[in-house]
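Novice: Listed below, chain by chain, are the residues.
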Amino acid sequence: MTSEKVVVGVSNLPNQRYKIVSENGGIFTMMVCGESGLGKTTFVNTLFQTTLKHADPQQRRHQPIKRTVEIDVLRAVLEEKNFSLRVNVIDTPGFGDNVNNNKSWQTIVDFIDEQHDSYMRQEQQPHRDVRFDLRVHAVLYFIRPTGHGLKPLDIETMKRISTRANLIPVIAKSDTLTAKELQEFKLRIRQVVEAQEIRIFTPPLDESEVPDPAVMEHARQLIESMPFAVVGSEAKFDNGQGSVVPARKYPWGLVEVENDSHCDFRKLRSLLLRTNLLDLVLSTEELHFEAYRKLRLEGSGASDDQSVPARAPARKLSHNPQFKEEENALKKYFTDQVKAEEQRFRQWEQNIVNERIRLNGDLEEVQAKVKKLEEQVRSLQLRKH
Amino acid sequence: MHGRKKDHKRGITYSMLLVGDSGTGKTSFANNLLETAIFPHKYAMEVPGLPENPRVKVVKPTMVVSYNSKNGIPSHMAQFDPAREHFEPGVTITSTSLEISTGSEKLSSRASMSSDGSSMTQNGGVDTDKISFNLVKSYGLGENLDNSLCFDEITGFLEQQFDQVLAEETRIKRNPRFEDTRVHVALYFIPPTGHGLREMDVEMMKRLSRFTNVLPIISRADSFSTEELAKFKATVMDDIERFNVPVYKFEVDPEEDDLETVEENQALAMLQPFAVMCSDERNDSGQFIRRYPWGEINIDDSDVSDLRVLKNVLFGSHFQEFKDTTQNFLYENYRAEKLSTVSDWDVDKESGDVNKRNSAAPSLSNFASLITTGQFKSSNSLAMPPQSETPSTPDSKTISHGSGMESPAIRQISQSIRRGNEEIINNIKSSPRSSAPGSPDKSKLRNISETVPYVLKHERIIAKQQKLEELEAQSAKELQKRIQDLEKRAADLKLRERLLRQQHLNSSSTSLSSRTTSASQTLPTQTKLKKEESMTDLASIVSGRV
Chain A
1 MTSEKVVVGV
11 SNLPNQRYKI
21 VSENGGIFTM
31 MVCGESGLGK
41 TTFVNTLFQT
51 TLKHADPQQR
61 RHQPIKRTVE
71 IDVLRAVLEE
81 KNFSLRVNVI
91 DTPGFGDNVN
101 NNKSWQTIVD
111 FIDEQHDSYM
121 RQEQQPHRDV
131 RFDLRVHAVL
141 YFIRPTGHGL
151 KPLDIETMKR
161 ISTRANLIPV
171 IAKSDTLTAK
181 ELQEFKLRIR
191 QVVEAQEIRI
201 FTPPLDESEV
211 PDPAVMEHAR
221 QLIESMPFAV
231 VGSEAKFDNG
241 QGSVVPARKY
251 PWGLVEVEND
261 SHCDFRKLRS
271 LLLRTNLLDL
281 VLSTEELHFE
291 AYRKLRLEGS
301 GASDDQSVPA
311 RAPARKLSHN
321 PQFKEEENAL
331 KKYFTDQVKA
341 EEQRFRQWEQ
351 NIVNERIRLN
361 GDLEEVQAKV
371 KKLEEQVRSL
381 QLRKH
Chain B
1 MHGRKKDHKR
11 GITYSMLLVG
21 DSGTGKTSFA
31 NNLLETAIFP
41 HKYAMEVPGL
51 PENPRVKVVK
61 PTMVVSYNSK
71 NGIPSHMAQF
81 DPAREHFEPG
91 VTITSTSLEI
101 STGSEKLSSR
111 ASMSSDGSSM
121 TQNGGVDTDK
131 ISFNLVKSYG
141 LGENLDNSLC
151 FDEITGFLEQ
161 QFDQVLAEET
171 RIKRNPRFED
181 TRVHVALYFI
191 PPTGHGLREM
201 DVEMMKRLSR
211 FTNVLPIISR
221 ADSFSTEELA
231 KFKATVMDDI
241 ERFNVPVYKF
251 EVDPEEDDLE
261 TVEENQALAM
271 LQPFAVMCSD
281 ERNDSGQFIR
291 RYPWGEINID
301 DSDVSDLRVL
311 KNVLFGSHFQ
321 EFKDTTQNFL
331 YENYRAEKLS
341 TVSDWDVDKE
351 SGDVNKRNSA
361 APSLSNFASL
371 ITTGQFKSSN
381 SLAMPPQSET
391 PSTPDSKTIS
401 HGSGMESPAI
411 RQISQSIRRG
421 NEEIINNIKS
431 SPRSSAPGSP
441 DKSKLRNISE
451 TVPYVLKHER
461 IIAKQQKLEE
471 LEAQSAKELQ
481 KRIQDLEKRA
491 ADLKLRERLL
501 RQQHLNSSST
511 SLSSRTTSAS
521 QTLPTQTKLK
531 KEESMTDLAS
541 IVSGRV
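Quick note, the sequences are listed as chains A and B, same order. Quick note: the first sequence, position 112, residue 112 per the UniProt record's numbering, numbers continuous. Quick note: the second sequence, position 192, residue 192 per the UniProt record's numbering, numbers continuous.
It is worth saying that the hints were derived from the structure and are not from the lab. Being a predicted model, the structure only gives us computed values, none of them experimental. Heads up, a few of these hints could be off.
[Claimed, not checked] Pair by pair, the computed Cβ-Cβ distance ranges are: (1) A:LEU52 / B:LYS464: 47 to 57 Å; (2) B:LYS464 / A:LEU187: 52 to 62 Å; (3) A:ASN360 / B:LYS457: 44 to 54 Å; (4) A:PHE334 / B:ALA473: 41 to 51 Å.
For every residue, glycine included, the Cβ atom is placed at its ideal position computed from N, Cα and C.
Use the sequences and the hints to build the structure in full.
Specialist: So, in structure tokens, the structure goes:
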């Protein structure tokens with residue numbers, strides 16, 4: 001930047017870029033997933049510091065107790081310093097609530113795939129200016145703070161999600177675990193995640209990409225404290241040092257959400273929003289979407305003509321294995337029923353036939369008797385004459 | 001109360017069942033309740049280091065009484081193995097026999113005493129009344145993908161205890177050392193979701209309440225602030241009301257109970273469901289605490305936890321009440337139901353209608369559950385046309401041929417049962433005493449007492465046999481799978497070895513031909529590379545080679 005050199009203005013490119021980005025705004029789609037009652041809604045509200053979503057107990061009252069997994073999409077625009085971020089929060093109420101939770105991850109996995117698919121098809125259209133993009137950039141999987149380990153349902157679900165999106169496991173309601181318990185719990189989860197080959201999202205640690213040692217150190221810290229133990233709260237309390245902070249007030253103390261010695265909330269927020277938001281978006285684009293696209297195009301390219309865009313997988317209700325199972329059960333019930341009824345009818349028929357044979361026999365007997373009598377009459381008449 | 005005196009002589013038996021999702025604090029609760037270390041935590045091999053409680057003595061160590069799992073192995077003591085964590089653990093029920101020595105009238109005072117060490121040693125044992133305390137605990141509930149398995153296992157266990165008592169009662173010659181293992185009270189641990197009951201909670205409590213008093217308990221209540229806890233309690237009670245869950249209610253009878261009891265029960269009813277929190281950790285003065293960075297909780301503090309009240313209810317104020325309800329209400333109902341079905345069946349059979357049993361099965365009676373869970377597992381009652389509905393025919397032979405729909409195995413079992421019973425009945429008939437004329441009721445009664453124990457035993461044996469067979473099949477399957485796995489791995493290894501050997505040959509040949517590069521340099525790098533490849537992408541190598 002010496003005065004002798006002529007400044008052409010190329011160095012302004014980053015600024016131009018900055019302007020474009022800040023005008024266009026950003027988009028971030030986050031999915032929260034986990035059993036009910038783990039504080040997903042509260043966490044979302046705590047994360048964005050507004051009541052995006054109301055915990056609505058009234059709604060639950062009218063629902064049947066057996067539930068199906070649903071997908072709830074919530075859209076919001078967050079503005080901060082003239083920059084607007086469009087946030088989509090996807091909730092999965094009903095996950096893990098039933099007695100039989102087999103295949104309940106299917107809805108979630110299908111949803112993620114569907115977003116990839118829809119985006120891919122929009123890309124293949126001739127006009128592709130307006131894109132509807134709901135590809136999931138990050139999935140927060142909430143783990144129940146049992147202090148034991150991961151349940152098979154957690155493992156199966158996380159395995160499936162991790163191949164499709166950036167997975168971030170989170171220990172919910174971590175204020176029920178003491179420091180020692182939490183440490184053990186984290187260790188076990190990490191071991192399971194490693195042994196089961198579940199890929200969780202980690203901030204890039206490549207030295208060529210991240211030149212700043214401070215950033216590196218931060219990233220390393222983040223990785224070390226995975227899975228994040230979080231506490232959420234919408235209420236704010238005075239922490240005794242003059243500032244009002246989001247916290248949970250217990251008779252035995254105040255759990256500060258943004259206190260690093262109480263929970264990992266700040267680290268998680270940093271990972272999600274402050275430092276690694278772009279990493280999340282990019283890795284979704286480059287890694288997961290590309291993988292999906294490749295799979296789709298390769299899969300259909302083998303059988304179809306190359307020029308024809310890949311067909312969407314026929315994701316009808318009948319493709320959900322859960323429904324299939326139910327269908328089969330119903331079918332079986334139906335055939336059993338039909339068989340039973342048929343058997344009964346056959347029985348009836350047999351009875352009727354038997355009855356007929358018996359009656360016929362009777363009839364013949366009677367006829368024979370009549371004949372005999374007639375004969376007698378005739379013989380008597382003959383004798384008379 | 002004829003049983004009181006006998007109870008004193010033989011010691012009082014008391015059984016408690018702890019059920020709930022894994023990770024809701026059953027283990028810690030048991031340890032805290034008895035103030036000693038009974039159970040180890042999950043994955044921990046040793047029980048937490050708590051000082052021994054001199055009043056509590058383990059008579060019989062923890063043993064598995066019933067289990068069911070996909071791989072045919074009980075899993076409650078499984079070691080932590082990250083690579084196998086995705087297997088469903090199934091369900092296991094264990095039973096631990098303990099002896100609590102304490103004066104019976106001091107029971108309540110002991111329970112209400114705060115747990116400081118000084119008061120524990122006071123009762124040096126002049127008035128030593130012993131409770132043989134049976135602690136039954138479930139493992140694995142809520143950890144499976146499909147948890148319906150657990151329900152049948154747990155209710156099956158409870159029913160079996162009833163059956164044993166029933167069989168013993170109706171036996172002519174009784175076993176003097178018979179142990180009553182009926183569960184008097186079940187504590188159901190509700191996970192602290194803050195959202196009310198889940199399908200599983202409702203279902204489980206409903207099922208349990210047929211056989212025992214169910215006390216719903218909010219475990220790990222330290223996840224709620226004071227207001228949240230009050231709200232959650234209200235929601236839970238609301239749900240219990242709404243889904244008609246027959247949990248134990250602290251009811252009052254203003255005419256019979258004295259004022260004190262009425263007040264106490266009303267207070268307890270207000271408090272329900274009890275919220276508890278447990279801990280292994282003690283502070284310097286011997287109190288159990290949970291230590292957090294933001295504060296300490298004394299788990300006996302009645303402002304935040306109902307643990308003390310609950311202890312008092314379990315061992316003090318409602319101790320006898322639980323036993324009485326189990327004996328006089330739940331067991332009586334069960335007994336009446338069971339005996340009426342069994343005796344009906346006997347009488348019907350004598351009149352020649354052997355098929356009555358099948359048609360009577362899907363009634364309210366508990367045979368239904370026996371049939372669905374036990375010996376008639378595979379035979380759906382739908383598959384068999386109910387015989388009573390078929391039009392009456394003059395030919396009774398066609399009926400018995402018509403019912404040949406059921407699978408041969410089941411028919412064999414039911415026939416064997418029938419045969420066994422017919423034999424018994426014939427014996428009874430042939431004996432001159434029982435066939436005294438003019439007393440049909442008496443002979444029926446006699447039949448009941450003669451047959452019921454055998455029928456029950458027979459049923460139980462058959463059910464057990466089937467379950468064992470199932471478990472065996474499952475474990476065989478599991479083994480098969482593991483063998484296949486191992487074989488596959490062995491094949492992989494062999495393949496890799498062959499690859500490596502070939503490479504070795506190749507590289508040595510190349511090094512021979514071109515002496516510029518030393519073989520020792522190329523070989524390790526290449527094999528290393530190959531190794532990595534084969535780790536990730538064995539299939540492609542195979543396809544490439546073939």
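Novice: If a hint holds in the structure, say so; if it doesn't, say that too.
Specialist: Going down the list of hints, with the structure as the test:
| no. | hint | in the structure |
| --- | --- | --- |
| 1 | A:LEU52 / B:LYS464: 47 to 57 Å | holds (55 Å) |
| 2 | B:LYS464 / A:LEU187: 52 to 62 Å | violated (41 Å) |
| 3 | A:ASN360 / B:LYS457: 44 to 54 Å | holds (52 Å) |
| 4 | A:PHE334 / B:ALA473: 41 to 51 Å | violated (28 Å) |
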